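Listed here are the chains, written in short residue letters.
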Amino acid sequence: MTALLDILIGGVFHAAVLFLVAAGLQLVFGVQKIVNLACGSFYALGAYFGITAVSWCLAHGMPPGLFLPVLVVAGLAIGLIGPFIEALLLTVYHRDEAFQLLLTFALVLMFQDILRFFWGADPQQLGDLVMTYGRVKMGAVQVPTYNLLVIVASIAIAVGLGAFLKKTRYGRILRATAENREMSLALGVNVRWMYASVFTLGTILGTVGGALVVPTAAASLDMPVELVVEAFAVVVIGGLGSMRGAMVGALIVGLMRAAAISWYSELEMLAIYLVVIVVLIARPGGLFGKPLE
Amino acid sequence: MDQKRRKLLQAIGGTGVMAAAQPWMSAPAFAQNTPVRVGIIAPKAGIAGTIGECGLRGTQFAVDHINATGGIAGRKIELLIEEETNPKDSIERLRKLVLQDKVDCVQGIVSSGVSLAMGPVAEDMKALVIFWDGTTQDGVKETMPSKRYVFCSTDNECEAVMGSLLAIKHWKGQFKTVAGINPDYSYGRNNFAAFQALLKKYNVEHQVVADQWPKVGTTDLNSHVAALKAAKPDLVFSSLLFADLPIFMRTAHGAGLMDGKTKFVFPAAGFQHTALKKSFTPPGMIFGHNTLYFDYAKGSDLQKQFVKWYHDKFNDYPNWEADRAFFAMAVYKAGVEAAHKAKGGWPGKEDIISAMEGVKVQSLGGPGQMRKDHIAEQTFYQGITTHDNKYDFPTLGTVDVMYSDQLQKGTGQDFWKWIETANIKL
Amino acid sequence: MRAAPAILSIVALVALAALPSLLTQYQITLVLPALAYAIALLGFNLLFGYTGLLSFGHALFVSIGAYGTAVLTSKLGLKSFEAILLLCAVASVAVAIPIALLSVRYVKIFFGILTLAFGMLFHSFLFKFYNITGGDTGIRVLRPTLLGRAYEDLDKTAFLVGPFYYYCVVLLAILGFVMWRLVHSPFGLHLVATRENRRKSEYLGVRVRFFRLIAFAVSAFYCAVGGAILAVNTGQADPELAYWTHSGELVFMTVLGGFANFFGPVVGAFSFIFLKSELMGLTQYWRFWLGAILVILVVLFPRGLAGLFAQLWARLHRSTPT
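Protein chains in written order, with numbering that gives the first Met the number 0: chain L, 0 to 292; chain C, 0 to 425; chain R, 0 to 321.
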C-alpha cells in the first residue's frame, strides 16, 4: 500500500509540472492556433534562470527557506520574454501552419545554444536545497515537503487559471477569441494585444514550471527537446485547446509513466506514445477537445 | 580553439597534400621539427561534459609536462580537440582528424556506445586510437575481436567486479533482496549483469526485486526511486555515473531510502564525487573511484602533485578520467620513445604499435601497463565512504586497492565464462 | 519534358561524378550523407510539397532503412546492397501503410503531432529494447556488396569514396527520374489538387485519402533508401536517427532548398550538410545560427534557395529583350 502511495505521489508530482507547461501550450493553441514546439525551451529557461536567481539570493544572504518564492518570481520574470517571441511569430500568423511549426522549431534550435551560451554545457543543480523544508512522513511513505508544495502550487495555479478564464472580463474575451476570432475582431476586441498577452501567459506558465522542478532534478540542455514530446502527449490526450484536458492529460501521462517505471520499465515512454496514438484514433479531439475534421 | 584549428589547417593545407602522397614513414629530418599531432575526442557538453573536461585537464597536465621536458623523442605535442557527442557525429570527427588534419594519434572517448561504434571504423582506417574509457564486454567481443590499431582501456566491468567483490566480502549474509538502478545503455546493462553473475559464483543467496533503467540524462528520478522503495531491497547496486547520480542521491535521500536500512554499492560514483555532498550521501556505502582516488594517503608523488595542481587551478578535485587521459598519453609516449630508440629514427605507425604492446607506465593513479592484446591494466581503488574528512563530500574511510589483472578477463577469454571459472580472490 | 530541368539534372549529375577527383577523401565522405538525404527528401517532399502534409516523424523511415541495413548485414549475413535496399524499402512501406491509414484522416497540426508520436514510439522501442536493438549503441553495419562485387582490396574509406559514391550518384539519378515522372503524372496532379482544395477534389471524384496514402508510402520508400546509405556511411545504426529533432532537420532541409520546386529537396540536402559542417567548424554555437537561418528562411524566403534561384532566373529572362 505504501509502495502504491509512493509511486502515486511521484506520478502526481511529475503531472503537476507537466500540467503547467501543457496549460501554457493549450492557451496559446486555443487562441492563436499555434503549437509551440519551443515550450520545452521556455521550461528549460525557467529552470536555468531559477538556479541563477536562487544562487544569487543565497550568496547575498537570503535564508534558504525563501527559495521557493524566489523560484516562482524568477519564473515569472523570465517569462516576460514572451512578447518578444510573439512579435517574431507575428510574421507567420497568416501563413500556412507548417511555417508556424517550423518557426517554433527554429526557436528550439536557437534556444539550445542561447542556454548553452549563458549557462554553459553542464547540467546545473541546486544541491541540497530541496531538503530545506524537510520531509513529510506518513507511515512508511516519505516524501520531501517541497514536492508536496509544488503539487499544491500547481493545483492552485490550475484553479486560479480556471477562475481567471471564467470569471474575469479578460478571461471571457480570451475564450471568445479562441472560439471565433473574426467575431471578436468585429466586436472590437484588440486581437493584437490579446495574442501578445496570451502568448506571454503561456510562456510564463512554462518558465514557472521549469523553475519549480529544478530543485528536485537538474537544468540540462536536453530538457527542451525531451519535454516537448511529453507535453504534446498531454495536450493530445487531453484535447487541444482544453484546460481541463491539460489537467487530465497531465495526470494520465504522469501516472502512466510512474506505473510503467514501477512495473515494466522498458515501457516507460512507449506506453505514453501508444496511448497518444490510441486516443488520436479513437477520439481525435482528445478527451475534452473538439474533434477536427 | 576553432580559430587556431582553422589557421592550422590553412598552414598545413600544403603539407597535407604532400603527406597524403607519401607513405606513412616520413623522413626523419623533416619530421624532427614538426610537432606530434594528437587528436583528442572528448565530451564537452551534456551529461558527460564534466567528465570530458576532467579528462582534457589530465591530458593538458600530461602534455605540459612532456613538452617542458623535451617532448616525445624531441618533438613537442600539439593537441587538436574535437567534441564527442553521439556515435555518428563522433565518427565524423574521427574521420576529420585522421583524413583531413592527419593526426598521428587519436585519444579520448568516454561513452561505451561511441567507442563500440568507433572501434571498427578506426581499425578500417588504420588509425592509431587509444580509448580513454568505454569498453563494455558484449560489444567489444562483436566489434573488436582482434585489435590492431585500436587500444582499449580496462574492461568497463572492472569496477563492477570490484564493487561486487567488496559487497560480498563486507556484507555476505547481510542481504537477501537486491535491486539495481543503472543507466540504460551497454555500460549499465553489463555492470548489473556482472554483479549478478558474481553473486551467483560465490553462492550468495539473493533475489532481484527491482531493476530500473533510467535513460541517460533523465533528470526526474522520483518515480524510479519510488519503485525502488516499493520493492524494499536490502542492497541497491547502481552504476549510475553521470549527472543523474547526484539527482538520484538527493531523491533517494528525500524519499528516505538512505536512512540506514539499505546497503548501497556504487562502483562508478567517483565521476561525481565532489557533487555528492555529505548532506545527502551517507557513510557506509561501497564507492568506486576507478583508477584515481584523489585523497589516497599512499598515493605517488606524481598523483599528489597532480591533485594539488588541479585544485589550485580549478578549485576542484579530479576524478579518474584525468588518469585515463594521462595514461593514454603516457602509453603513447612510452611506445613512441621505445620504438624511436630501437629504430634510431622516427618510428612508423607499426613500430609504435608494437612498442606499445606490453609497455609499462606510471600513471597518475599508480602503475599500469598496456597488454599485448591492446587492453590496459591499471590499479583500481574502491572503499567504504566516511564523513570524517575536511571536505563537504564523503571520501573513502577504508580503501581497497586491486590491480586489474584480478578484475578483468585474460587475453582471448570470454568475460562471462571468465567470471564463472576464474579463481578471483575476494 | 522541358529542356531546362533535363539539362540542369545532367549538369548536376556530371558535376557530382566529377567531385571525387576535385575534393579530398574527407570531403567526399561529407557528400555521401548529402546524397542520402537528397534521396530521402525527394520522397519527403512528395508528401510535404506536393500533397501538403507536414510530417514530423519521417526520421522513422530513415531509421528503418538504417536499422534494416544493420540487421541484414551484421545479423543475417545478407550482403547484397540491392537486396538490402529492396528489403528495407519494402519494410518501410509496410510500416508506413498502417501509420498512413491512421494519419491521413487528419491534416495540419494533428498530422504533424501524430507522425511525431509514431516517430518517437519507434525511437523508444529502439532505445529501450536493448537485447533486440542494441539500445543506445545500436547495431553495426557491415560493408555490403555492390552489384555482387565486394571490393575487399579497398579499405573502408576508399570503398566509400570510390565505388559506393558512384553507386549512390546513380541511385539518386534513377530515383530522381522516377520521382519526376511520378509528380508529372496524373497521380502527381491529383496530389496537388488535394493540397490546394480538398473539398473540391473530393467533389471531382478524387479519392483524397487513397492518394495521400500512396504519397505517404512512396515517401517512406525513399526515406528508407536514404537511411540505408547513411548507415553504410557511418557503419552504425543508432537510435538518435529516429529522434524527433532529426525529423525536424528533414523539414528544415526541404524548406531550405525550397519545397515548391522539384529540385528544392536535393539543393536543400547539399546546402544543409555543407552549411552545418561549415558552421560546426566556425563556432560551437552552430545550432543557434542554424535556427536563425531557419527563421530568416521562414519569414523572408519561404520558397527556399530553389525558389530564390527561380525568381532570379525569371527576372533575368524578363529583363532580356526578346
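A portion of the hints provided could be inaccurate.
[To be verified] Below, a list of computed lysine-lysine pairs in the DSSO-like style, where the Cα atoms sit at most 27 Å apart: (1) C:Lys-146 / R:Lys-275; (2) R:Lys-78 / C:Lys-101; (3) R:Lys-275 / C:Lys-101; (4) R:Lys-78 / C:Lys-125; (5) R:Lys-199 / C:Lys-125; (6) C:Lys-125 / R:Lys-107; (7) C:Lys-277 / L:Lys-136; (8) R:Lys-74 / C:Lys-408; (9) C:Lys-342 / C:Lys-168; (10) L:Lys-136 / C:Lys-297; (11) C:Lys-214 / R:Lys-74; (12) L:Lys-136 / C:Lys-231.
Derived by calculation from the structure, the hints in this document are not laboratory data.
Remember, it's a predicted structure, so these values are computed and weren't measured experimentally.
Results for each hint:
Between C:Lys-146 and R:Lys-275, the direct Cα distance comes to roughly 33 Å. Violation of the 27 Å bound is thereby established for this hinted pair. For the proposed pair R:Lys-78 and C:Lys-101, the alpha carbon gap of about 32 Å is over 27 Å, so the pair is violated. The straight-line distance between the Cα atoms of R:Lys-275 and C:Lys-101 is roughly 22 Å, inside the 27 Å bound, and the hint therefore holds. At roughly 23 Å between alpha-carbon atoms, R:Lys-78 and C:Lys-125 fall within 27 Å of each other, so this suggested pair holds.
For the hint pairing R:Lys-199 with C:Lys-125, the CA-to-CA distance comes to about 62 Å; that exceeds 27 Å, so the pair is violated. Under the criterion of a C-alpha separation no larger than 27 Å, the hint pairing C:Lys-125 with R:Lys-107 is inconsistent with the structure, at around 50 Å. Proposed proximity of C:Lys-277 and L:Lys-136 is supported: the alpha carbons are some 22 Å apart, at most 27 Å. For the proposed pair R:Lys-74 and C:Lys-408, the alpha carbon gap of about 26 Å is at most 27 Å, so the pair holds.
In summary, the hint linking C:Lys-342 to C:Lys-168 is not supported, as the alpha carbons are separated by about 49 Å, beyond the 27 Å threshold. At most 27 Å may separate the alpha-carbon atoms for a hinted pair to count; L:Lys-136 and C:Lys-297 exceed this at roughly 44 Å. Distance restraint check for C:Lys-214 and R:Lys-74: the Cα-Cα separation of roughly 26 Å lies within the 27 Å cut-off, and the hinted pair is therefore satisfied. Taking the CA atoms of L:Lys-136 and C:Lys-231, the gap is near 17 Å; set against the 27 Å cutoff, the hint holds.
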